[in-house]
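Q: Sequence:
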Amino acid sequence: MNERQREYFRKKLLDWRSDILRESKFTLDQMAERERNHPDLTDRATSEADHAIELRARDRQRKLIAKIDAALSRIDDGSYGYCEESGEPIGIRRLDARPIATLSIEAQERHERRERIHRDD
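Under this note's numbering, think of the first position of the sequence shown as -5, with each following residue one higher.
These are calculated hints, taken from the structure and not from any lab test.
Misleading hints may appear alongside valid ones.
[Claimed, not checked] No more than 25 angstroms apart at the CA atoms, straight line, and that leaves these computed lysine to aspartate or glutamate pairs for DMTMM-like:
#	residue 1	residue 2
1	Lys61	Asp71
2	Lys5	Glu106
3	Lys61	Asp90
4	Lys6	Glu109
Construct the complete structure from the given sequences, taking the supplied hints into account.
A: Right, dumping it as structure tokens:
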């Protein structure tokens, strides 16, 4: 991977991270605005269910940010774009579609087959 490609992916990852953080801040602001006592039990239950769903989504995004940060670290140390399992380059098209990918398509398929086998046991 050349320097131009690394910078392209660095920018893509940083933009993605920024978008997630902006969305998280917006959601937290919205949740703070909605924090009111609901005299109706149904309204309160609905509000708490919505709150739980938002928190689960935020947790998934927190984990995604960790993966984005790990990808940025790999760009810095020169290991970005190489399969963690085989050491072979990960295709540019795969990285463009999933910039946090750590496995080549072939390695990912093997991993998913193993998961299915163990899940089905």
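Q: All the hints need checking, so say for each whether the structure fits it.
A: Outcome of the hint check:
1. Lys61 with Asp71: 15 angstroms, holds
2. Lys5 with Glu106: 29 angstroms, violated
3. Lys61 with Asp90: 15 angstroms, holds
4. Lys6 with Glu109: 30 angstroms, violated
Figure legend: structure checked against the earlier numbered hints; hints not met, in rising order: 2, 4.
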